[in-house]
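2 protein chains.
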Amino acid sequence: MAATLLKEQKDISAFVDSIDTFLLDCDGVIWAANHVFDGVQTVLDLLRSKGKRILFVTNNSTKSRKSYLKKFQSLDIHASAEEIFGSSYAAAYYIANVLKFPKDKSVYVIGMAGVREELESEGISHIEDDGTNLHAMDEMATIKPDPRVGAVLLGFDLNINYKKYAKAFTYLHADKNCHFLATNSDLTFPAGGTVYPGTGALLAALSAPLDREPVVLGKPHQPMLDVIIAKYHLDKARTCMVGDRLDTDIEFGKTGGLKTLLVMTGVTTEEALKKSSIQPDYYIASLGNLQP
Amino acid sequence: MAATLLKEQKDISAFVDSIDTFLLDCDGVIWAANHVFDGVQTVLDLLRSKGKRILFVTNNSTKSRKSYLKKFQSLDIHASAEEIFGSSYAAAYYIANVLKFPKDKSVYVIGMAGVREELESEGISHIEDDGTNLHAMDEMATIKPDPRVGAVLLGFDLNINYKKYAKAFTYLHADKNCHFLATNSDLTFPAGGTVYPGTGALLAALSAPLDREPVVLGKPHQPMLDVIIAKYHLDKARTCMVGDRLDTDIEFGKTGGLKTLLVMTGVTTEEALKKSSIQPDYYIASLGNLQP
Numbered sequence: 001m002a003a004t005l006l007k008e009q010k011d012i013s014a015f016v017d018s019i020d021t022f023l024l025d026c027d028g029v030i031w032a033a034n035h036v037f038d039g040v041q042t043v044l045d046l047l048r049s050k051g052k053r054i055l056f057v058t059n060n061s062t063k064s065r066k067s068y069l070k071k072f073q074s075l076d077i078h079a080s081a082e083e084i085f086g087s088s089y090a091a092a093y094y095i096a097n098v099l100k101f102p103k104d105k106s107v108y109v110i111g112m113a114g115v116r117e118e119l120e121s122e123g124i125s126h127i128e129d130d131g132t133n134l135h136a137m138d139e140m141a142t143i144k145p146d147p148r149v150g151a152v153l154l155g156f157d158l159n160i161n162y163k164k165y166a167k168a169f170t171y172l173h174a175d176k177n178c179h180f181l182a183t184n185s186d187l188t189f190p191a192g193g194t195v196y197p198g199t200g201a202l203l204a205a206l207s208a209p210l211d212r213e214p215v216v217l218g219k220p221h222q223p224m225l226d227v228i229i230a231k232y233h234l235d236k237a238r239t240c241m242v243g244d245r246l247d248t249d250i251e252f253g254k255t256g257g258l259k260t261l262l263v264m265t266g267v268t269t270e271e272a273l274k275k276s277s278i279q280p281d282y283y284i285a286s287l288g289n290l291q292p
Numbered sequence: 293m294a295a296t297l298l299k300e301q302k303d304i305s306a307f308v309d310s311i312d313t314f315l316l317d318c319d320g321v322i323w324a325a326n327h328v329f330d331g332v333q334t335v336l337d338l339l340r341s342k343g344k345r346i347l348f349v350t351n352n353s354t355k356s357r358k359s360y361l362k363k364f365q366s367l368d369i370h371a372s373a374e375e376i377f378g379s380s381y382a383a384a385y386y387i388a389n390v391l392k393f394p395k396d397k398s399v400y401v402i403g404m405a406g407v408r409e410e411l412e413s414e415g416i417s418h419i420e421d422d423g424t425n426l427h428a429m430d431e432m433a434t435i436k437p438d439p440r441v442g443a444v445l446l447g448f449d450l451n452i453n454y455k456k457y458a459k460a461f462t463y464l465h466a467d468k469n470c471h472f473l474a475t476n477s478d479l480t481f482p483a484g485g486t487v488y489p490g491t492g493a494l495l496a497a498l499s500a501p502l503d504r505e506p507v508v509l510g511k512p513h514q515p516m517l518d519v520i521i522a523k524y525h526l527d528k529a530r531t532c533m534v535g536d537r538l539d540t541d542i543e544f545g546k547t548g549g550l551k552t553l554l555v556m557t558g559v560t561t562e563e564a565l566k567k568s569s570i571q572p573d574y575y576i577a578s579l580g581n582l583q584p
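Protein chains in written order, with the working numbering: chain Z, 1 to 292; chain V, 293 to 584.
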């Protein structure tokens, strides 16, 4: 069914009344680079004043919730760390509460500060390598599986190297019971007007030689939604995913049985929306227009 | 058609008479780790004495032909650098003679000494990064495409890092005319009784975020065979690929229209051979038995 445009005041009010929780993508919805879209702060305040729960849902694994909050503060957007739900936190929550990871086990981490901080916030032991690499092929023999490792978690890592790949591979190849997790699978990320290889690219190097696929804790993969639903006990019928991308945000919400709202301030044009097989329930020019 | 076992003297002699050039895989055919199979040296000498051309065809990109020769010498196998045909050399030959790469252009290299040495042997200019990595996300902006780069060549690289990935991606993403090449696509390689992520794994991280596939200069990909045929002007009907793997060596030869001989000293068991849809023309217990 084609998406319904939210434009008339009464339609916007009726829509907002039907929703208790808004899951908001950030880039292309709240801001673009360092520009906050007009009216967004007003809408966030209005929704909160009506008792709506707001969660900022991001695939960015390099920052913890606390650290990501600084981005909001730098843009003068009111938010609290409790309203931020990143893929690193989703992974840590999943390991602690879904896997019920044994206390004597460790997670081998490929990733940056966001992953480490969120694992620590959930009290999960973790092991990682420094940036030093192997120097010769015969050092391969120095890679010995650490019996404490019960899971491998890969997030974006600017310091990825062969030693990390070889160790992560060794854990997952040698022990089929070792959990294989990734924060997200975005193949690229935007920066400086272009794109660069993202977590999904780094993940491809690890999953290609293994005959197994990771559990991915980012959009559009459902384990991230499972974690959000489990933590907040949300009523799916009264939860709306708001995003600017059809193949991640809207797909994520639709597969999960949520309501979905596409904003036209990001990557999706009206023409692309019309042509797509992925149709949100609603679309709106900007989140800033969602003023009930 | 099921493979024919070479066991009787007259069959072996008739087979050898029908072939001018033998393309020999090394690991599992000539040797296993540091053990040379019985009779192999005798067979190599016999074939040479009958005027047969021998080429050792290897996907290992970390060593140049000269450097790989040292492996033969260390195992007391008579061979010359001219008889060795590695994937790094195949890539260099392809760039020089098939692409007819302009002299004012450079190849951006992810790889080790083998790749560098073979590019130099063909007089091809190349650029690579040292092992230093990016330290912060905002250093991404320091990645500027070098206009001299007209091709990206990826081989196995123990010093792979994010900066190399980001640069290689930037060249290939920004310029669709920039050639995308890889020495081989083996997902793993054996070492110390286990396996580690191979060139194909590293390649996956680069090709996943691009909407293009590389030309691969290793078995079972045909560009490697095209290069061998072009260089030596071989008669395919009188050329035989000898290997221990059905999905690389035998597939390589069959797709290319060569005769194929499977040896049972490597990874393929008789039971696996019977079950496989890939059937070589002939099979033999060991290359050491090929005594006409």
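Treat the hints as calculated values from the structure; they're not laboratory data. Note that beta-carbon positions come from the ideal geometry of N, C-alpha and C, so glycine has one too. Check each hint, because a few of them may be wrong.
Once the Cα atoms are required to be at most 25 Å apart in a straight line, the calculated DMTMM-like pairs of lysine to aspartate or glutamate come out as [to be verified]:
1. Z:K50 / Z:D281
2. V:K362 / Z:D138
3. Z:K70 / V:D503
4. V:K358 / Z:D281
5. V:K362 / Z:D281
6. V:K363 / Z:D138
7. Z:K66 / V:D430
8. Z:K71 / V:D430
9. Z:K71 / V:D527
10. Z:K275 / V:E431
11. V:K363 / Z:D281
Distance ranges between label pairs, derived from CB positions [to be verified]:
12. Z:H135 / V:S372: 38 to 44 Å
13. Z:A33 / V:K468: 25 to 31 Å
14. Z:A237 / V:K436: 46 to 52 Å
Check each numbered hint against the structure and report the violated ones by number, ascending. Of the numbered hints given earlier, those the structure breaks are 3, 4, 5, 9, 10, 11 and 12, listed in rising order.
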